[in-house]
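**Q** The lines below spell out each chain.
Protein chains: 2
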Amino acid sequence: MGSHNETSSMMNPLEPEEFRRQAHLVVDFLADYYSNIEKYPVCSQVEPGYLTKSMPKSAPLKPEPIETILQDVQKHIIPGITHWQSPGFFGYFQTNGSTGNFLGEMLLTGFNTAGFNWLASPAATELEMIVTEWILELLQLPKSFSFSSNGGGVIHGSTCESFVCTLIAAREKKLKQLGADQRGDLCKLVVYCSDQTHFSLQKACQVVGISPDNVRSIQTKKSVNFQLSPDALLTAIESDVRAGLIPLYLCLTLGTTPTTAVDPLLTLSEIAQRYHIWTHVDAAYAGSACICPEFRHFLDGVEGATSFSFNPHKWFLTTLDCCCLWVKDQTDLTNALSNDPELLKNKASDSKQVVDYKNWQIALSRRFRAMKLWMVLRSYGVTGLQQVIRKHVKLAQHLEAQLSADGNFEVVVPRNFATVCFRVSPLALTSVPNGSTNDDLANHLTRTLLESLNKTGLVYMTHAVIEGIYVIRVAIGATLTDEKHVNMLWDMVQEHASGLLAKYADIK
Amino acid sequence: MGSHNETSSMMNPLEPEEFRRQAHLVVDFLADYYSNIEKYPVCSQVEPGYLTKSMPKSAPLKPEPIETILQDVQKHIIPGITHWQSPGFFGYFQTNGSTGNFLGEMLLTGFNTAGFNWLASPAATELEMIVTEWILELLQLPKSFSFSSNGGGVIHGSTCESFVCTLIAAREKKLKQLGADQRGDLCKLVVYCSDQTHFSLQKACQVVGISPDNVRSIQTKKSVNFQLSPDALLTAIESDVRAGLIPLYLCLTLGTTPTTAVDPLLTLSEIAQRYHIWTHVDAAYAGSACICPEFRHFLDGVEGATSFSFNPHKWFLTTLDCCCLWVKDQTDLTNALSNDPELLKNKASDSKQVVDYKNWQIALSRRFRAMKLWMVLRSYGVTGLQQVIRKHVKLAQHLEAQLSADGNFEVVVPRNFATVCFRVSPLALTSVPNGSTNDDLANHLTRTLLESLNKTGLVYMTHAVIEGIYVIRVAIGATLTDEKHVNMLWDMVQEHASGLLAKYADIK
Numbered sequence: 001m002g003s004h005n006e007t008s009s010m011m012n013p014l015e016p017e018e019f020r021r022q023a024h025l026v027v028d029f030l031a032d033y034y035s036n037i038e039k040y041p042v043c044s045q046v047e048p049g050y051l052t053k054s055m056p057k058s059a060p061l062k063p064e065p066i067e068t069i070l071q072d073v074q075k076h077i078i079p080g081i082t083h084w085q086s087p088g089f090f091g092y093f094q095t096n097g098s099t100g101n102f103l104g105e106m107l108l109t110g111f112n113t114a115g116f117n118w119l120a121s122p123a124a125t126e127l128e129m130i131v132t133e134w135i136l137e138l139l140q141l142p143k144s145f146s147f148s149s150n151g152g153g154v155i156h157g158s159t160c161e162s163f164v165c166t167l168i169a170a171r172e173k174k175l176k177q178l179g180a181d182q183r184g185d186l187c188k189l190v191v192y193c194s195d196q197t198h199f200s201l202q203k204a205c206q207v208v209g210i211s212p213d214n215v216r217s218i219q220t221k222k223s224v225n226f227q228l229s230p231d232a233l234l235t236a237i238e239s240d241v242r243a244g245l246i247p248l249y250l251c252l253t254l255g256t257t258p259t260t261a262v263d264p265l266l267t268l269s270e271i272a273q274r275y276h277i278w279t280h281v282d283a284a285y286a287g288s289a290c291i292c293p294e295f296r297h298f299l300d301g302v303e304g305a306t307s308f309s310f311n312p313h314k315w316f317l318t319t320l321d322c323c324c325l326w327v328k329d330q331t332d333l334t335n336a337l338s339n340d341p342e343l344l345k346n347k348a349s350d351s352k353q354v355v356d357y358k359n360w361q362i363a364l365s366r367r368f369r370a371m372k373l374w375m376v377l378r379s380y381g382v383t384g385l386q387q388v389i390r391k392h393v394k395l396a397q398h399l400e401a402q403l404s405a406d407g408n409f410e411v412v413v414p415r416n417f418a419t420v421c422f423r424v425s426p427l428a429l430t431s432v433p434n435g436s437t438n439d440d441l442a443n444h445l446t447r448t449l450l451e452s453l454n455k456t457g458l459v460y461m462t463h464a465v466i467e468g469i470y471v472i473r474v475a476i477g478a479t480l481t482d483e484k485h486v487n488m489l490w491d492m493v494q495e496h497a498s499g500l501l502a503k504y505a506d507i508k
Numbered sequence: 001m002g003s004h005n006e007t008s009s010m011m012n013p014l015e016p017e018e019f020r021r022q023a024h025l026v027v028d029f030l031a032d033y034y035s036n037i038e039k040y041p042v043c044s045q046v047e048p049g050y051l052t053k054s055m056p057k058s059a060p061l062k063p064e065p066i067e068t069i070l071q072d073v074q075k076h077i078i079p080g081i082t083h084w085q086s087p088g089f090f091g092y093f094q095t096n097g098s099t100g101n102f103l104g105e106m107l108l109t110g111f112n113t114a115g116f117n118w119l120a121s122p123a124a125t126e127l128e129m130i131v132t133e134w135i136l137e138l139l140q141l142p143k144s145f146s147f148s149s150n151g152g153g154v155i156h157g158s159t160c161e162s163f164v165c166t167l168i169a170a171r172e173k174k175l176k177q178l179g180a181d182q183r184g185d186l187c188k189l190v191v192y193c194s195d196q197t198h199f200s201l202q203k204a205c206q207v208v209g210i211s212p213d214n215v216r217s218i219q220t221k222k223s224v225n226f227q228l229s230p231d232a233l234l235t236a237i238e239s240d241v242r243a244g245l246i247p248l249y250l251c252l253t254l255g256t257t258p259t260t261a262v263d264p265l266l267t268l269s270e271i272a273q274r275y276h277i278w279t280h281v282d283a284a285y286a287g288s289a290c291i292c293p294e295f296r297h298f299l300d301g302v303e304g305a306t307s308f309s310f311n312p313h314k315w316f317l318t319t320l321d322c323c324c325l326w327v328k329d330q331t332d333l334t335n336a337l338s339n340d341p342e343l344l345k346n347k348a349s350d351s352k353q354v355v356d357y358k359n360w361q362i363a364l365s366r367r368f369r370a371m372k373l374w375m376v377l378r379s380y381g382v383t384g385l386q387q388v389i390r391k392h393v394k395l396a397q398h399l400e401a402q403l404s405a406d407g408n409f410e411v412v413v414p415r416n417f418a419t420v421c422f423r424v425s426p427l428a429l430t431s432v433p434n435g436s437t438n439d440d441l442a443n444h445l446t447r448t449l450l451e452s453l454n455k456t457g458l459v460y461m462t463h464a465v466i467e468g469i470y471v472i473r474v475a476i477g478a479t480l481t482d483e484k485h486v487n488m489l490w491d492m493v494q495e496h497a498s499g500l501l502a503k504y505a506d507i508k
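Chains P and W, in that order, give the protein sequences.
Each residue of the first sequence is one higher than the last, beginning at 1 in full-length UniProt numbering.
Each residue of the second sequence is one higher than the last, beginning at 1 in full-length UniProt numbering.
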């Protein structure tokens with residue numbers, strides 16, 4: 001066919017033997033990367049624009065060999081990577097990868113199915129149902145969240161996606177209940193959370209059209225460990241009801257981002273129920289810990305929630321993107337997010353005997369994310385996953401004990417999981433500049449301490465500000481982090497703090 | 001530390017040598033999968049619930065060896081896969097993977113950075129800027145979409161995400177212009193599209209709180225190849241304005257899903273400009289083709305758009321998820337989607353000299369998707385990518401010619417790219433049952449033909465219904481699809497249709 005034989009002389013971008021050869025090269029590249037990862041500064045130290053300067057202005061015209069490309073990855077990309085997989089990474093919350101997860105990502109990318117409905121890849125849908133039921137059992141979530149009771153689990157890309165989807169589900173349900181003139185009532189809907197709730201909730205509200213004025217970010221206090229107060233919630237709800245507004249959605253957190261605080265789920269969700277408010281429990285970080293019986297009590301009261309989510313891509317040996325969401329009534333999601341275009345009509349969907357996950361999420365297409373979660377669960381087993389959680393918690397306990405025993409430091413809130421929040425103790429400050437308080441100086445020194453530690457490139461931590469107090473957060477959870485790395489961190493913290501305190505001891 | 005040495009005896013889920021060994025096994029598993037892919041039925045033939053029956057009810061307690069897990073993938077997962085990478089896959093639109101892309105996915109998974117802002121991984125942000133600028137040049141998009149003119153590109157997970165983000169940007173901009181009492185006006189905003197626009201737009205409108213009643217899905221006609229009519233658009237806008245509604249957003253399509261129709265971009269965007277309507281051009285499928293000079297004319301008029309998106313995960317050798325979006329004014333996105341929480345504050349962001357992509361998308365966290373797109377561009381070069389597009393178009397031209405020359409078939413709309421829409425020709429039907437028309441019978445026979453072809457397991461196609469006509473869509477674009485596969489398809493089409501027509505020749 002055609003006038004010349006271009007087709008037959010063509011490259012085949014999925015030729016199996018070339019695929020094999022090149023992919024083996026990259027496996028070795030990455031294995032070497034993990035072997036050498038401690039040689040790189042944890043947080044990248046490049047300047048803005050570094051890569052633009054070294055890359056050509058245009059895409060290459062001709063194909064380039066993988067060997068050349070990998071050299072460029074080593075030379076140009078790796079210096080600009082902040083090494084989240086480094087054992088010295090203690091920033092934000094970790095995203096801890098694993099070999100089992102990596103194999104799952106390889107398989108799902110290799111198959112590259114777009115499992116929007118059951119038929120588009122039955123294995124993708126059914127494995128997602130199986131894996132979310134497995135985890136439901138591991139977390140001892142109530143049966144009401146199971147597919148067997150008209151609930152069910154789905155894997156989203158992020159907590160924000162879970163916020164958006166549950167907010168829409170709640171919004172549509174509420175507007176339907178209110179009846180005919182519904183759309184106009186959109187501006188009366190109110191969402192409740194605490195000032196410790198992840199800021200993604202604010203964005204999710206913005207996305208679904210809830211006015212920022214109608215998001216009640218209720219103030220929390222250090223004196224009660226930054227938990228959302230039932231009294232304050234009730235006061236806010238009653239005030240809104242009196243003003244003619246409509247309470248819609250309450251977000252509770254199991255392990256807040258600043259300090260890993262845990263809201264009292266049972267009391268708060270009971271208040272929400274009284275006002276027909278949708279209660280979502282966001283356990284993005286700490287949900288993973290609840291597979292250990294000794295931490296399961298943090299989830300007590302989850303039976304009062306309408307929906308629950310956690311991120312295996314934080315502390316469950318799984319890479320981005322992977323957020324598991326369960327709902328008690330799957331029709332809440334599907335009523336709000338379904339479409340049924342002619343193009344996708346098929347007998348399995350028509351039979352209503354299958355789950356079509358496109359109706360549980362924002363986008364149509366979806367990656368086969370269940371594959372990686374399944375590979376993780378099988379590669380490490382429940383005991384292996386529990387071992388990882390316990391190791392990190394133990395390392396954090398140890399660090400907390402050392403900080404508490406040292407007069408130069410203050411552990412600002414009690415540690416719940418594997419994240420420790422500390423600062424330079426105001427009590428350690430013998431003299432303070434005029435017009436300044438011990439707290440001001442402690443903030444300044446803690447900030448300076450963090451900068452000086454991060455600058456070494458050996459560790460990376462981030463900060464939070466809570467009730468005006470600047471704290472260093474040490475989130476222990478990178479897969480490669482071991483006892484020696486936390487010991488090294490503790491040595492560094494003592495040494496850098498001593499230097500700083502000595503410098504400030506002579507002030508004024 | 002601690003009372004027993006649990007920590008030291010622990011497994012390391014990222015131990016480099018075990019990573020290396022297991023990942024090499026999976027490389028070989030996938031290379032063999034591609035070698036054998038033609039042995040599997042293209043569309044999975046399992047029954048609903050097949051996997052639930054064969055999997056244990058609970059997660060395994062103990063770790064399992066990779067060899068056992070891979071046996072289960074072969075035995076239980078692969079039969080439930082619809083093989084989108086098979087050369088016999090002609091359904092929906094393809095998602096065509098490649099070795100270069102696969103290597104990119106390996107690297108990005110291996111690094112597993114969460115590049116929400118520049119500092120979280122400078123390479124991830126800067127490579128995304130570089131790659132989107134490269135593609136901007138390849139597509140000859142106007143400079144106004146470039147970072148150099150306050151525009152810029154971002155990689156989203158899906159077209160639906162691009163719809164949502166541009167809708168929010170348009171919504172917030174419009175509400176701000178309208179002034180103080182803004183939120184109440186949300187229910188007056190109107191979105192325009194055609195009845196051929198991808199149904200994801202409807203969902204995106206639902207997500208951002210635009211009433212389904214305010215989405216104008218303007219009817220198109222076969223006589224003008226299902227293009228959105230400027231007159232019909234103008235009529236709809238004027239009618240809404242008279243009714244006190246506020247025109248907000250127009251979605252134009254380059255390569256619609258049912259038939260790959262191309263809306264007249266210039267004329268339509270000029271109308272939109274007159275009414276201060278945001279114009280988005282969705283080139284999810286056909287955008288890739290426009291890197292070939294001979295297809296670039298389809299993009300003429302894109303200079304009138306406010307935003308433009310296409311999916312490398314369809315026809316650009318890249319796997320899910322990868323949708324590139326460009327905007328002319330990046331502050332439209334960042335005004336609507338930014339947040340600035342204390343936890344993420346850093347000097348680079350404060351300097352305003354860097355891009356923080358979290359403010360260009362829904363979620364906070366994001367995968368390092370630029371890596372795979374960069375690997376694709378370098379592995380195949382512009383010429384390689386053009387070669388792939390041209391091969392598929394040529395195969396489609398050939399199939400179209402054969403169908404047109406055969407009296408048993410009708411090519412229902414002219415082919416623009418590499419997708420052919422055909423049916424059993426009503427003219428080939430010598431007798432028709434009482435009370436039925438030639439068109440009714442053609443619909444019935446075309447549907448039966450599709451089912452019988454798909455049932456062979458050798459090929460997989462899907463359908464569309466346009467102006468009451470049931471058509472088979474042949475989307476040619478899987479990476480492994482070659483001349484022999486399209487020839488096989490054509491032989492099968494003729495054979496199955498002859499059988500069907502013979503059976504129906506004696507009706508009445």
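Since the hints were made in silico from the structure, they are not lab data.
Hints are supplied without guarantee of correctness; some may be wrong.
Here are the simulated DSS-like cross-link-like pairs (lysine-lysine), alpha carbons at most 27 Å apart as the crow flies [to be verified]:
(1) W/Lys62 / P/Lys391
(2) P/Lys188 / W/Lys173
(3) P/Lys39 / P/Lys57
(4) W/Lys176 / W/Lys57
(5) P/Lys62 / W/Lys352
(6) P/Lys173 / P/Lys143
(7) P/Lys347 / W/Lys39
(8) W/Lys57 / P/Lys143
(9) P/Lys53 / W/Lys345
(10) P/Lys352 / W/Lys352
(11) W/Lys143 / P/Lys53
(12) W/Lys39 / W/Lys62
(13) P/Lys347 / W/Lys173
(14) W/Lys53 / P/Lys57
(15) W/Lys53 / P/Lys345
(16) P/Lys328 / W/Lys53
(17) P/Lys345 / W/Lys173
(18) W/Lys345 / P/Lys347
(19) P/Lys57 / W/Lys143
(20) P/Lys455 / W/Lys347
(21) P/Lys455 / W/Lys345
(22) W/Lys345 / P/Lys221
(23) W/Lys53 / P/Lys75
(24) W/Lys352 / P/Lys53
**Q** Do the alpha carbons of P/Lys53 and W/Lys345 lie within 27 Å of each other, as the hint requires?
**A** Distance ~25 Å between P/Lys53 and W/Lys345 Cα, so the pair holds.
**Q** Can the restraint linking W/Lys53 and P/Lys345 be considered satisfied, given a maximum Cα separation of 27 Å?
**A** The hint holds at about 26 Å.
**Q** Within a Cα-Cα threshold of 27 Å, do P/Lys328 and W/Lys53 meet the stated pairing?
**A** At roughly 23 Å apart (the allowed maximum being 27 Å), W/Lys53 and P/Lys328 satisfy the hint.
**Q** Within 27 Å, alpha carbon to alpha carbon, are P/Lys347 and W/Lys173?
**A** violated, 43 Å
**Q** Mind checking the alpha carbons of W/Lys352 and P/Lys53 for me, to see if they're no more than 27 Å apart?
**A** holds, 18 Å
**Q** Checking one constraint from the list: CA of P/Lys62 to CA of W/Lys352, max 27 Å. Satisfied?
**A** The hint is violated at about 36 Å.
**Q** Quickly compare the C-alpha distance for W/Lys53 and P/Lys57 to 27 Å and report which way the hint goes.
**A** violated, 54 Å
**Q** Taken at face value, is the distance from the CA of W/Lys57 to the CA of W/Lys176 at most 27 Å?
**A** Violated, because 53 Å separates the two Cα atoms, which is more than 27 Å.
**Q** Next pair to validate is W/Lys57 with P/Lys143; report whether the Cα-Cα distance is within 27 Å.
**A** holds, 14 Å
**Q** CA of W/Lys53 to CA of P/Lys75, is that 27 Å or under?
**A** violated, 50 Å
**Q** Check whether the Cα positions of W/Lys143 and P/Lys53 lie no farther apart than 27 Å.
**A** holds, 20 Å
**Q** Taking 27 Å as the top limit, are the C-alpha atoms of W/Lys39 and W/Lys62 close enough?
**A** Violated - the C-alpha atoms of W/Lys62 and W/Lys39 are around 34 Å apart, more than 27 Å.
Figure legend: structure checked against the earlier numbered hints; hints not met, in rising order: 3, 4, 5, 10, 12, 13, 14, 17, 18, 23.
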